[in-house]
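Dock chain one against chain two, each of which comes alone in its own frame, and use the hints as you go.
Residue numbers (our numbering), protein chains in the order written: chain A, 1 to 114; chain B, 1001 to 1113.
Hints are computed from structural coordinates only; laboratory data are not their basis.
All figures in this text were calculated on a predicted structure; none of them were measured in a lab.
Ideal Cβ placement from N, Cα and C applies to all residues, glycine included.
A hint or two may mislead.
Okay, derived cross-link-like pairs now, DSSO-like style, lysine-lysine, Cα gap no bigger than 27 Å in a straight line [what the hints assert, rightly or not]: (1) B/Lys1013 - A/Lys42; (2) B/Lys1003 - A/Lys37; (3) B/Lys1082 - A/Lys42; (4) B/Lys1062 - A/Lys42; (5) B/Lys1003 - A/Lys42; (6) A/Lys42 - B/Lys1070; (7) B/Lys1062 - B/Lys1013; (8) A/Lys68 - A/Lys42.
Only some residues are given here: those of chain A computed to face chain B with a beta carbon under 10 Å [to be verified]: (9) Gln6; (10) His32; (11) Phe36; (12) Gly41; (13) Lys42; (14) Leu44; (15) Val49; (16) Asn54; (17) Gly60; (18) Ile89; (19) Val91; (20) Gly93; (21) Arg101; (22) Leu102; (23) His103; (24) Gly105.
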Amino acid sequence: KTQVEQSPQSLVVRQGENCVLQCNYSVTPDNHLRWFKQDTGKGLVSLTVLVHENDKTSNGRYSATLDKDAKHSTLHITATLLDDTATYICVVGDRGSALGRLHFGAGTQLIVIP
Amino acid sequence: DMKVTQMPRYLIKRMGENVLLECGQDMSHETMYWYRQDPGLGLQLIYISYDVDSNSEGDIPKGYRVSRKKREHFSLILDSAKTNQTSVYFCASSHRGDNQAPLFGEGTRLSVL
Chain A
1 KTQVEQSPQS
11 LVVRQGENCV
21 LQCNYSVTPD
31 NHLRWFKQDT
41 GKGLVSLTVL
51 VHENDKTSNG
61 RYSATLDKDA
71 KHSTLHITAT
81 LLDDTATYIC
91 VVGDRGSALG
101 RLHFGAGTQL
111 IVIP
Chain B
1001 DMKVTQMPRY
1011 LIKRMGENVL
1021 LECGQDMSHE
1031 TMYWYRQDPG
1041 LGLQLIYISY
1051 DVDSNSEGDI
1061 PKGYRVSRKK
1071 REHFSLILDS
1081 AKTNQTSVYF
1091 CASSHRGDNQ
1101 APLFGEGTRL
1111 SVL
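One chain only, chain B, in its complex shape (with noise of 0.2 Å):
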């Protein structure tokens, strides 16, 4: 069953409290994605990761932190979370490949109060 899976679907954290959100995938995808979608805004890539330990800054990378030790695993780590970093995060896998569909995850509602 083709899938990405998104942890925690919501988390309410206070601001200057760490923040990690985890996603999985079981398609042995290469290419792994964390964006964010805010009210208004199409999805902005913060992260974009070709495999292990092969990690790329997206367009809005300050303030986040990823890790990628396992193909199948992606971390996004938030370091004293901000307001402004209240958003929903997704995450998205394909294999390489321009014209490859992302997969995605259904989401992580983050609110930093």
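Chain A with its partners taken away, still in its complex shape (with noise of 0.2 Å):
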């Protein structure tokens, strides 16, 4: 069963234009939210993370926003780059795990294009 839902499944955009990345998920008890960026062929890394209800971050041109009431996320990506082409990946954390439990989704795969 997906508890974290990921859409669009891939996106292409021109250098330089915006984008938004969306996430829903079902999991309960949730914790936090965290948005990875994962280069093809590597590691998955931590771009931002969301802990309270209606929490805004920004972090360069990446920036998020969490609705714990609907369980949905954002990711906004502002003036794209060709950097940029990669997998970005929603996690949500269960609240009070004794485990830590992660739930992943399966990415919205992002090319960047000249």
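Structure follows, in structure tokens:
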């Protein structure tokens, strides 16, 4: 049973354009949500973490929002660069889980073209 | 330099052979993880380790076992590998705590023929 759904599955944008990636989840309870970037053939690198209801974060050209009531998060990438080409993965952590359980989405594959 | 190192990066084995995947970290993180990543699926947790000799099964432990004899080192063992264990395996580590960001290795791509 998939508890973290990401959309779109893939996305192609031109360099300089903005894009928005979506994450919907059913994980309960939900402690925090984290966005990762995964370059092809590499490991996952954390971009940002959201913890509280209606949290908003910003990390350079990356910004993210979290709506815990709707169990929904967005990742905005502004003025995309060719190096933004990667898979972006949404991960939700259980609240108070003794196992520190993380629930991973399948990712959105972003391709930035010149 | 904070880093999780996985060895080997690429491995080809025949069905029935034993496989050893190794993972090291230099940050004295208590918690370490083994995941597998398959196309179209999110990462799936195989095993989690909370410290030396303190390991727990994840969501898909069948066919795998782990060993953690030193805090900085966590091994994944496949006894008699199967073709459906062909995958990319990721090791990660983190300090204790719900919101601690895990640091990932670059993965081991395993093919079982």
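Taking the numbered hints from earlier one at a time, note which ones the structure violates and give those numbers from smallest to largest.
Those not satisfied are hints 8, 16, 17.
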